[in-house]
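A.B. asks: Heads up: the protein sequence lines correspond to chains A and B, in order. Just so it is clear: in the first sequence, position 82 is 81 by numbering that gives the first Met the number 0, and no numbers are missing. Just so it is clear: in the second sequence, position 30 is 29 by numbering that gives the first Met the number 0, and no numbers are missing.
Hints in this document: simulated from the structure, not taken from any laboratory. One or more hints might be untrue.
[Said to hold, decoys possible] Pair by pair, the computed Cβ-Cβ distance ranges are: (1) A/Asp-312 x B/Leu-61: 44 to 52 angstroms; (2) B/Pro-109 x A/Asn-186: 46 to 54 angstroms; (3) A/Pro-293 x B/Leu-14: 45 to 53 angstroms; (4) A/Asn-99 x B/Trp-22: 27 to 35 angstroms; (5) A/Pro-293 x B/Leu-29: 42 to 50 angstroms; (6) A/Asn-186 x B/Ala-12: 45 to 53 angstroms; (7) A/Thr-118 x B/Ala-12: 55 to 63 angstroms.
Idealized CB from N, CA, C, for every residue including glycine.
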Amino acid sequence: MLIKKSSDIPASEITPKGLYVNRRTFLAAAATLAAATVAGDKLLDIISPAEAAFAATKLNYTAGPFGTSEKQTPLQDITHYNNYYEFSTDKYEPADLAKNFQTRPWTVRVEGLVNKPQTFDIDTLLKMPLQERVYRMRCVEGWSMVIPWIGFPLKSLLDQVQPTSQAKFVEFTSLYDPKRFPGQKRNVLDWPYVEGLRLDEAMHPLTILAVGLYGDVLPNQDGAPIRLVVPWKYGFKGIKAIVKIRLVEKQPVSAWTKAAPTEYGFYSNVNPNVDHPRWSQAKERRIGEFFKRPTLMYNGYGDQVASLYVGMDLKKNF
Amino acid sequence: MKSKYFKPLVFIACLLPLARLGWKALHSALGANPIQVITFSTGTWTLVFVLTTLSITPLRKLTKQYWLIQYRRMLGLFAFFYGCLHFLTYIWLDQFFDLHSIYKDVLKRPFITAGFTAFVLMIPLAATSTQWAIRKLGKRWQVLHRLIYVTAIAGVVHYIWLVKKDVRTPVIYAIVLSALLLYRLVVLLLSRASSSRATRRMAESAIPGD
C-alpha cells in the first residue's frame with residue numbers, strides 16, 4: 000500500500016499562505032462576485048464591500064494585560080449606542096448611518112517632530128501584533144461600558160517614527176469627508192475632530208490604537224478602521240477614524256475643548272470629584288445595569304496612571 | 000366638536016406616548032440605555048403638552064373655533080401627568096431616591112433647577128383645576144394660572160441647558176414658545192392701545208361746549 004507522505008503533495012496544490020490566512024475574505028469576495036454576476040449591479044449596492052469584509056474579518060490576537068474580568072457589554076449595545084457626531088448627534092443613529100462607510104483605502108500619516116515620518120497603510124497596521132484589552136469605557140455623559148478591544152500600544156507605532164526630543168504632545172486628527180460623514184455637513188463641532196495627549200500619556204502602556212472589538216475588525220460606528228483608546232480618560236478622548244498623528248511641541252486643542260472650553264478640558268481624566276459644570280460625575284450607569292455605580296478615580300486605572308499627574312491641580316487641569 | 004365621542008378619543012390619544020413607551024419596555028426595545036430613553040420621552044411629552052395647552056387660546060381666537068376651550072384643562076392636566084412621570088423617572092429610576100444627590104442636583108445644576116421649578120409650579124395649577132376651585136378663586140384663578148408661562152419658559156430652558164452641543168431640537172421648542180408668548184404680548188398691547196384710545200375719546204367728548 001502506498002502511503003503518501005505530506006511532502007508528496009506537490010507545491011502547486013498547496014493553497015498559498017496569504018490566500019489561506021485570508022480565506023474568509025476570499026470566500027466572501029468570491030461569493031459577492033458570484034452574486035453580482037447573477038443578480039447584476041443592484042446586489043452589489045446591498046452587499047456592500049465594507050459589510051462583506053466586516054463579516055469575514057476575524058482578527059488574530061493574543062490576550063493583553065490590564066484586562067478587567069467585569070461583565071462585558073453586549074456587542075449589540077456597543078454597536079447601537081454611539082457618540083459619533085460625524086454621523087449624528089443622536090446615539091442611536093450611527094449604527095445605521097455608518098453601515099456603508101468605506102474604510103479602504105485608508106492610511107495613517109504619522110509626522111511632525113519625528114525622525115522618520117511615515118504613512119502607514121491600514122492593512123499594514125492590522126498586521127502589527129494585536130492584543131485584546133478588556134477596558135472600562137466611561138463617557139463624560141455619565142454612562143459606561145466594558146469593551147473587549149483589539150489593538151496595539153500606541154507606543155509601538157510612535158517608536159517606529161522616532162519622536163524627537165522637542166516632541167511634547169501628540170495630536171490626532173480624524174477623517175474629514177462630509178460625503179462619507181454626513182454629520183460633518185453641519186458645524187456642530189469644528190471639523191475635523193482633533194484630540195491630543197501628552198507624550199507620556201501617549202507612550203503609556205494602557206494607551207492603545209484599537210482596530211477591532213469582540214475578535215472582529217472594528218465596526219464602522221465604533222471608529223473603524225482605527226481609533227484611540229485611553230481608558231482612564233472620558234470616552235470622547237478616544238478619537239475615531241484616525242488619518243493623521245502629529246508629534247508637536249505645544250498642547251493641541253481638542254475638538255470638544257474648542258467647542259466648550261469651560262466644560263471639556265485637555266486632560267479629561269475620569270474624576271468623580273470634579274464635576275462637569277452642568278452635571279455630577281460622581282456616579283455612572285453601566286449600560287445594562289439598573290443601579291448607578293460610583294465612578295472610580297482615573298476610571299479604576301489609578302495604579303497605572305496616577306503617577307503621571309502627581310502635583311497637578313486636577314480641578315484646574317480638568 | 001359636538002360629538003360626545005371626540006373628547007374620550009383625545010383622552011386616549013394623549014395616553015398613546017405612554018402606551019408606546021410601555022410597549023417598548025415590555026419588548027426590551029428601549030435600547031442600550033432604557034432609563035435615559037424613558038427620561039427623555041416623558042420630558043419631551045411634558046413640554047409638548049405644555050405648549051399645546053398654551054396654543055389653545057391663540058388657536059381658538061384666530062380660527063374662531065371657540066369650542067377648543069373645552070380641551071384646555073385636559074391637555075394641561077396631561078402636561079402635569081407626563082411631568083409627574085418625568086420627575087418620578089428622575090427620582091426613582093435615575094437617582095433611586097438618593098435624596099442627598101437629588102438635593103445637590105436641584106441646587107447646583109442649573110438645568111435641574113430649571114426643570115424642578117417648571118415641575119413644582121405645575122402643582123398648584125393642577126390642584127386648582129377643578130370647577131370648584133375656579134369658582135372659589137374667582138379672578139385670582141386667572142392670575143395664579145399665569146404661572147404656566149413660567150413653567151413653559153423654565154421647561155424649555157431646562158431642555159436647552161441639558162443638551163451637550165446640538166441644540167436644534169430644543170430651539171424648535173423655544174421658537175414655538177416665543178410665538179405663543181408673542182401672540183399674548185401683541186394682544187395685550189393692542190388692548191391697551193385700544194382702551195387708551197377709548198379713554199382719550201371719552202375724555203375728548205367730555206370737553207364741554209366749544
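A.B. asks: Confirm or reject each hint.
C.D. replies: Going through the hints against the structure:
Checked against the given bound of 44 to 52 angstroms, the beta carbons of A/Asp-312 and B/Leu-61, roughly 59 angstroms apart, lie outside it. A hinted range of 46 to 54 angstroms for the beta carbons of B/Pro-109 and A/Asn-186 is inconsistent with their spacing of about 25 angstroms. A C-beta distance of roughly 38 angstroms is found between A/Pro-293 and B/Leu-14, which places it outside the suggested range of 45 to 53 angstroms. Taking 27 to 35 angstroms as the suggested C-beta distance range, the pair A/Asn-99 and B/Trp-22 conforms, at roughly 31 angstroms.
For the hinted restraint 42 to 50 angstroms between A/Pro-293 and B/Leu-29, the CB-CB distance of approximately 25 angstroms leaves it violated. Between A/Asn-186 and B/Ala-12 the beta carbons are some 38 angstroms apart, a value that contradicts the proposed interval 45 to 53 angstroms. The hinted window of 55 to 63 angstroms between A/Thr-118 and B/Ala-12 holds, with their beta carbons roughly 60 angstroms apart.
Hint compliance for this structure: hints 1, 2, 3, 5, 6 are broken, all remaining hints hold.
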